[in-house]
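Colleague: Chain by chain, the residues:
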Amino acid sequence: MSAIDDLRQTFFEESAEGLEAIDSGLAELNESAASDDTVNAVFRAIHSIKGGAGVFGFSGLVDFAHVFETVLDQIRHGKLSPSQQAVEVLQKANDTLSDLVAMARAGEATPANFDADSRAALSQLIGGEGGGKEGIAEDFADIDFQPVRAEDTASEPLLFRYTVAYRATQSQFDGKFEQVVRALRATGRVDLRVETSAVPALDEFDAAKAYIECAGTIECESQLDDLRGVITAIDSSGCWSIAAADAASLPDIAAASPALVPAMEGAVPADAAALAAAVKATPPSNEQREAAGGKHSATTIRVDLEKIDRVVNMVGELVISQTMLGQLLQNMHGGGTDTRLSQVLDDVFLHTRELKNSVMSMRAQPVRSVFQRMSRLVRELSVKTGKRARLEMVGEATEVDKTVIERLSDPLTHIIRNSMDHGIEAPERRREVGKPEEGTIKLLADQRSSRIVIEISDDGAGIDPDRVIKKARDNGLIPQEGHLSEDEVNSLIFLPGFSTASGISEISGRGVGMDVVRRNVQELGGRISLKSALGKGMTIQLALPLTLAVMDGMIVKAATETYVMPISSIVECIRPSASEFHALLGTRGALRLRGAIVPTVYLAELFNLSPSSGLTDESTVIIIETSEGVRLGIVVDQLCGHQQVVIKSIEENYGAVPGIAGATILGDGHVAFILDAERLGGFAKNSDFTGASAGVLQPAVVN
Amino acid sequence: MPNPATLKVLVVDDQFSVRQMTRLALEKIGVRLIHEAENGQEALFKALAQPLDLIISDFNMPEMDGIGLLRAVRGHQAIRKVPFILITGRGDRELVVKAAQAGVNNYVVKPFDEATLRQKMEAVLGRLQ
Numbered sequence: 001m002s003a004i005d006d007l008r009q010t011f012f013e014e015s016a017e018g019l020e021a022i023d024s025g026l027a028e029l030n031e032s033a034a035s036d037d038t039v040n041a042v043f044r045a046i047h048s049i050k051g052g053a054g055v056f057g058f059s060g061l062v063d064f065a066h067v068f069e070t071v072l073d074q075i076r077h078g079k080l081s082p083s084q085q086a087v088e089v090l091q092k093a094n095d096t097l098s099d100l101v102a103m104a105r106a107g108e109a110t111p112a113n114f115d116a117d118s119r120a121a122l123s124q125l126i127g128g129e130g131g132g133k134e135g136i137a138e139d140f141a142d143i144d145f146q147p148v149r150a151e152d153t154a155s156e157p158l159l160f161r162y163t164v165a166y167r168a169t170q171s172q173f174d175g176k177f178e179q180v181v182r183a184l185r186a187t188g189r190v191d192l193r194v195e196t197s198a199v200p201a202l203d204e205f206d207a208a209k210a211y212i213e214c215a216g217t218i219e220c221e222s223q224l225d226d227l228r229g230v231i232t233a234i235d236s237s238g239c240w241s242i243a244a245a246d247a248a249s250l251p252d253i254a255a256a257s258p259a260l261v262p263a264m265e266g267a268v269p270a271d272a273a274a275l276a277a278a279v280k281a282t283p284p285s286n287e288q289r290e291a292a293g294g295k296h297s298a299t300t301i302r303v304d305l306e307k308i309d310r311v312v313n314m315v316g317e318l319v320i321s322q323t324m325l326g327q328l329l330q331n332m333h334g335g336g337t338d339t340r341l342s343q344v345l346d347d348v349f350l351h352t353r354e355l356k357n358s359v360m361s362m363r364a365q366p367v368r369s370v371f372q373r374m375s376r377l378v379r380e381l382s383v384k385t386g387k388r389a390r391l392e393m394v395g396e397a398t399e400v401d402k403t404v405i406e407r408l409s410d411p412l413t414h415i416i417r418n419s420m421d422h423g424i425e426a427p428e429r430r431r432e433v434g435k436p437e438e439g440t441i442k443l444l445a446d447q448r449s450s451r452i453v454i455e456i457s458d459d460g461a462g463i464d465p466d467r468v469i470k471k472a473r474d475n476g477l478i479p480q481e482g483h484l485s486e487d488e489v490n491s492l493i494f495l496p497g498f499s500t501a502s503g504i505s506e507i508s509g510r511g512v513g514m515d516v517v518r519r520n521v522q523e524l525g526g527r528i529s530l531k532s533a534l535g536k537g538m539t540i541q542l543a544l545p546l547t548l549a550v551m552d553g554m555i556v557k558a559a560t561e562t563y564v565m566p567i568s569s570i571v572e573c574i575r576p577s578a579s580e581f582h583a584l585l586g587t588r589g590a591l592r593l594r595g596a597i598v599p600t601v602y603l604a605e606l607f608n609l610s611p612s613s614g615l616t617d618e619s620t621v622i623i624i625e626t627s628e629g630v631r632l633g634i635v636v637d638q639l640c641g642h643q644q645v646v647i648k649s650i651e652e653n654y655g656a657v658p659g660i661a662g663a664t665i666l667g668d669g670h671v672a673f674i675l676d677a678e679r680l681g682g683f684a685k686n687s688d689f690t691g692a693s694a695g696v697l698q699p700a701v702v703n
Numbered sequence: 001m002p003n004p005a006t007l008k009v010l011v012v013d014d015q016f017s018v019r020q021m022t023r024l025a026l027e028k029i030g031v032r033l034i035h036e037a038e039n040g041q042e043a044l045f046k047a048l049a050q051p052l053d054l055i056i057s058d059f060n061m062p063e064m065d066g067i068g069l070l071r072a073v074r075g076h077q078a079i080r081k082v083p084f085i086l087i088t089g090r091g092d093r094e095l096v097v098k099a100a101q102a103g104v105n106n107y108v109v110k111p112f113d114e115a116t117l118r119q120k121m122e123a124v125l126g127r128l129q
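Just so you know, the protein sequences line up as chains A and B, in that order.
Counted the way our numbering counts, the first sequence spans residues 1 to 703.
Counted the way our numbering counts, the second sequence spans residues 1 to 129.
Worth double-checking, as some hints may not be accurate.
[To be verified] Listed next, the stretches of chain B that the computed footprint assigns to chain A, with coverage defined by at least 3 CB atoms under 8 Å from CB atoms of chain A:
#1 23-34
#2 69-77
[Stated by the list, open to error] No farther apart than 25 Å at their CA atoms in a straight line, the calculated lysine to aspartate or glutamate pairs in the DMTMM-like style are these:
#3 B:K98 to A:D36
#4 B:K98 to A:D37
#5 A:K176 to B:D113
#6 B:K98 to A:E392
#7 A:K442 to A:E481
#8 B:K46 to A:D235
#9 B:K81 to A:D37
Hint data in this document are derived by calculation from the structure and do not stem from the laboratory.
Treat the numbers as computed from the prediction; the structure is a model and nothing was measured.
Beta carbons: idealized from backbone N, C-alpha and C, even for Gly.
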């Protein structure tokens, strides 16, 4: 790939960011919550896409962006008011713009008149201006430019006078003072005096506090705003103030050289003088200058995702090696008697953990990008279905692993299609039942402990349990007789081959059911659940893991096997007394925990490792809680400790095993299974559960 | 006759891709000392930190836009003589007029190749070696 291809790729990435900025800006405009800044940001984003497209030779894109930008410019200058109708046109224009960008990215030719409708609508907004290509001039040869070095022959420059004051705030010893003074001195003559009266006596002196103030004048050709710009570009903390000088009240500017601190008058306490000297200090070296300048340069860089993934993998390997090291140390000293060595190792653990968290945060991105794609979907579906709906987003700044984000789009699209197609009612119907004509679909993202919860809710018709049951019976999914609980009815929706839509519609009936959505979510290590209220709407909740690579686990033993329980699911670990524990039939038991009864299972029996031998002295009950709030006690034979483990997928290499989320390599080199707390929690609810009848748990033994 | 290899040029654009394309064009012309800034404020800071022979700046940027930068540069005793070329898009006539009034020395319209850029630079700096 040539350098230019790389840059072209970068341009498309920048454009994607720009399109998002336009989208969110227009959404704000729509809610009339937009400030001038918003309009400016939208304008800038379009302009940047236009500029970049020009550089890379996408002329169709330039032409359309130009019309789009012209409209925004009119809004920016108050010549056009952003009415709801106008914003709708703009939103459609943004859709067109994203399509054009996508086509340019894919290298596809744009169909003739592809953007004609949108372009015409835009032109109409501004009374037909700028609609044609003829509006775009290429040459401005008729404009006179300033010849270079014209100033050399210019007349005596006009000098302005300003008063300037500096009041240091706490911890203002960052070297910016000197930078500002130097920048001001570059503009003209600066006379600053240090005010030391605020410096207290030595016994009251607090070295962490700033006492120095400066005041003085500047004589230069610059405008006030320019000087302000210079100061805030360097120091935006507000320590500096500058104003036009009232000539009458000005003291004579010292004829002396514009030294930084020309005079130290009166009896200055020795320490204050030292402090002042520190402020005066030696001019920063070039390196310092560069470093300070760096603060103003780019705060973000683009890194190839592959490079980050390589780091993620290396951190994973590091975690394994480090665990092995810990294990070796323990074996060598029979329990780690060398405290210094183990202390250092503890430090290494700590640093690895931080390294892991930093790398993970690099991969994390706000869910906003996916959410915003959904707002376009809702708009388009509104048109197609003739229903009215708006999308509300909450917590779109929540950060999730990039892989999760990428794979979130399909399930969300499907769920929202379902909501628009089956959930939200037609406007007339909504009016009949006393709802606002415009339906609401709400997208919520939130981080709850180590999981990301995404909720999609609508205020539509909800799920009709009778229809669901009838449908399931018709399809032979459930027996004709028998009562189903609400949860059971809802879970029918996720069965393969289930669809309540009476006819296959264009919107959601594409042969993809909720079972695929559920599989998508499960592949991400997530859970999906559904709540519905007939006539009021429904909520689908996705609970997704924060990261896909490394996690904190509790190492436990059941019979001869070692397992890992994710720490995030563990509420507490207890050793119950015999009186608190009640054995029940089969693998089950019940634990009395502070007045509440928690169902418990024997892990060894769950996986058919050994028959239950009851509680031993070593037995520990791990109380886990699922994202739905279900609690379950799991009896293990031994707790072996807490460890960071690298998740290796079983599904990719072997196939899905219920109750097992993945595998990992332990410090001693053995492979251990990572337990799936969500699934195990499900067993607690399943009244019919035994290892056999559940039919899902196979002996999970590793050789 | 300025030698491009000794020219110190500051390229200002908030878009990384456009900045790099400008850098590539400059490198083809033979310019070796290329500094970059993402917005007007950063550019002003860099311009004050070192002597520059030319500023090539985009107009449309957050923080401080190209015109703001141009005005700040022209208002500054130390750097007001630094030649300034504005990068504009097609059809930004009003902007070029405004920039001309604020004292811009020339403009270059996106997209531009190194021949166009060279021609504009020569118009401002004199024939390049």
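Colleague: Next step is simple, just say for each hint if it's right about the structure.
Modeller: So, going through the hints one by one against the coordinates:
no., hint, result
1, 23-34, "violated (count 1)"
2, 69-77, "holds (count 5)"
3, B:K98 to A:D36, "holds, 21 Å"
4, B:K98 to A:D37, "holds, 21 Å"
5, A:K176 to B:D113, "violated, 40 Å"
6, B:K98 to A:E392, "violated, 41 Å"
7, A:K442 to A:E481, "violated, 37 Å"
8, B:K46 to A:D235, "holds, 15 Å"
9, B:K81 to A:D37, "violated, 32 Å"
Consistency with the previously given hints fails for numbers 1, 5, 6, 7 and 9, ordered from lowest to highest.
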